[in-house]
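Respectively, the protein sequence lines represent chains P, Y and A.
Numbers 147 to 238, taken from our numbering, label the letters of the first sequence in order.
Numbers 331 to 802, taken from our numbering, label the letters of the second sequence in order.
Numbers 62 to 429, taken from our numbering, label the letters of the third sequence in order.
Don't take each hint at face value.
Claimed, not checked - DEER-style ranges, computed between Cβ atoms: (1) P/Arg157 x Y/Ala401: 17 to 27 Å; (2) P/Val233 x A/Val192: 32 to 42 Å; (3) P/Ser162 x Y/Arg391: 27 to 37 Å; (4) P/Ser162 x A/Gly327: 50 to 60 Å; (5) P/Gly218 x A/Leu413: 47 to 57 Å.
Worth flagging that the hints you see were computed from the coordinates, not collected in a lab.
Even glycine gets a Cβ: it sits at the ideal position worked out from N, Cα and C.
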Amino acid sequence: MAGDLRIGSARTRTVSFRFDGEVLTAREGETLAAALYAQGRRTLRISRDDGGPRGAFCFMGVCQECVVSIDGRLTEACRTPVHDGLVVESMR
Amino acid sequence: MSDYDLIVLGAGPAGAAAAIKARSLDLRVAVIDEAPAAGGQVYRAPSPALTATQPDADRARGDALRARLAASGAVLYANHRVWSLTAIFSVIAIGPDGPLTLEAPNLIVAAGAVERHIPVTGWTLPGVIGLAGATILLKAHGVLPGRRVVVAGSGPLLLLVASKIVAAGGEVVAVVDAAPRTSWLARAGAMLARPDLMAKGAGWLLALLKARVPIHSGTAIRAIHGTDGVESVTIGPVDRDWRPVGEAERTIAADAVCLGFGLLPSTDVTRLLGAEHRYEPELGGWIPAVDTSLQTSVPGLFVAGDGAGVRGADAAPLSGELAALGVARRLGRGGDLASEITKVEADWRKSGRFGAAMSALAMPPPGAAAMIDDGTTVCRCEGLSRATLDSAIAGGARTLADLKAMTRCGMGPCGGRVCGEAAAMLIAAATGWDREAIGQPSARPPLRPVPLAAIAGAFDYDELPIPAPAPL
Amino acid sequence: MSALYDLAVIGGGILGSAAACRAAEGGMRTIVIEQQTLGSGASGVNAGTLSLQIKRVRLMPYAIKGHELWERAGERVGFHKTGGITLAFNQREADLLHERMALKREAGAPIELITPARVAELEPNLSRKVVAASWCGEDGYANASLSGAYYRTLLEAAGVDIRERTPVTAIDRRGGAFELATPAGPVRATRLLLACGAWLRSAGAMIGLDLPVRARVNTVSVTERGPALVGTVVGHATGLLTLKQKPNGSVLIGGGWQGTGSPDEGRSSVDPATLLPNLRLAMFAVPGLDRFRVVRSWTGFEANVPDFYPLAGPAPGIDNAFLLGCVRGGYTIGPYIGALMGDLIVGREPELPLFDPGRFATEASAAA
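Next comes chain P alone, as it looks inside the complex (with noise of 0.2 Å):
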């Protein structure tokens, strides 16, 4: 999928985060969510089960999918603004 989900105008600056040691950029105060899912990083973990991508789902902290790793802690993406120099792993 290219280009770039958002639409309308950003009125906050852009930062840029970490997902896996690639720069990434956002608009300051995004959620880490709709930042990876608008430019088209989707795939936030790997299933331990099947083995297949998988990635935000319910954008509202129920499902559990969007869960990275910050700082080593578990954290749902959906929940977490992004700001300048956050450092996000997937679960693998």
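Take the given structure of chain P and dock chains Y and A to it, following the hints.
Just chains Y and A now, kept in the frame of chain P:
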């Protein structure tokens, strides 16, 4: 003596209205919500990063609600996730600054609803998102679900999501509605009672027709295909009981799917606190049994909004006010509230008819279990297929607790909130029992996964209250 | 007239099921009546710890036999023999550990004391604040969630009738037989075994017994799946922590911290005031747990009598009625003591002595 007369869980339209009404009756009120701001799902505050491209009625209502709540004098604990609740009533939440404990003799639960899902093959692929999730992406984040989107499932969210995607400049390649076209007509009576809301729905439909969006009724997804994400979607007809019939119709190229089958009342809190529940399919399934002012069987425990039965955002504020009046009456405050309670209850019941009709429209009939293929993953957290669950059912599982014990279904981090209804449908399909006979899952703390470090906090080992050791 | 069973067992947990299987194998026509589903009580919701280090000295021979039976059940019950480490973090706990483990060792458990350095070798992710520790290679765990499914298979194979979701509401004696009233109709049997755990007191009352049974409300928590932290069963000198990580990465935390509620209320609840120290103790023992999330805490009833020894034997003063329950360490010992009970009922001499319920001054009055 507690600091508050009332704790409200949830700051959506029902919870906010409850808090504002309770403040107007001079009660001391605290409101807890896990979102960064009040508004709930329907009036969710836009991300601070987002400038709205166009004025939006929901956004305006949400802003007004936030302003009124802020002015009411209720104390709002936003960004707080409740993990423990005990009678009568102690609430522990984890917030940005650590654990928060609040106590009050009355609790209004306005926890809203979660989406009902019927698993289809490929629904675990990235790019498949819930219909409710799609509304959050669109409204709060200004993000399209995809470039070529299939919107599928049942109920009014189909039209809402599809029309929002179109309005935002996205392409909806298909709306796939399991319900036959006639089932909308069957609910026309209740809808006609609210011409304003019906006009809203008609507006969505018109926008879709204008954009030439194909709408397939009596149709469901057979499978979603792709390697790293959604690439295409195969759809096919279903019968009146939503059983797939005949050959698949077509395969549509798509990069995203928005999927959902109506809303389920969130009853974690009322189940956790031991309230009685009853099964009411027209209102989304299991709901707490309540008196005329929405008090449950647990004294002091009230419910409001979709958690009391899915009636939609329009009826939610009245239910919040009604519950607040019930709390005031219980505390002997605000004088004689009997006539006001009678009036608000009548208004609420009337205004809830439209939403309840919409909710009923989304409700899958028992045959919908046939949409789930043997190999389809049902429990996403634990990676359990329908075949795995069916073999446990064949081995004697008759409740969600049995299935959990035998297969770990619902044991993962979502706690069965995504797969529980589908699992219950499978038990019903195998046994021929009614959904009601299968009962509800048990609710246990924490209500959402909580980091051990957040619960434990800092402590001194020597101060742990270790009781006397067990007898030798 | 409904069929006459040789034995009716009230309670489809490990104890009742094991006794029923043994009785059926001995030729008795047997039925198990369970108010919910098989293994849905304490048998299914306990932490599944199989640790000789936390067993009572007098029950050690029974526990060792229990371990053998669970090991034989193997994969069907998720059995894992991992060895277990018990930790002491201060001198008081070290003294307790030394004293208790010596007695348990004398009673036959292969327990040895190990140094903190050895602990760090065996389990590098445990706290470095250990001052004393013990090890038992026979320790491990099984998956209590599978108790119901496992015993369903055994009961069916033994030809035992199973009636679930069937509460017994009254017990009468008519013509030399017990008649059990249930919503699904009466069940008649010449012998009766009450094996209904925390509900023993109310079931006993139906046959005129005043049993001094109290229920403890034990709390267990589980985390979501995470990276490997510990391979053995980890305990605490006081017995107030049991912790193990399953092969799938989830960590199960128990230790008998008390929740609220009672069998009469029909429900029990987690008490955050006891859950908190339970989780803190777990985090102190295994600091890496700070990166895990708790997904669920729950409670289950464990029945006890004042001396914390089992009730296992004939019901005092009531011919052909038997009691079985209140086994401290019941998950470990249950399969074995249940089978002993079955032996007693079919008229065989049990391999090890049972625990006569008559030791309590129970008032037996002839049932009508």
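Structure-inconsistent hints, enumerated in ascending order
Of the numbered hints, all hold.
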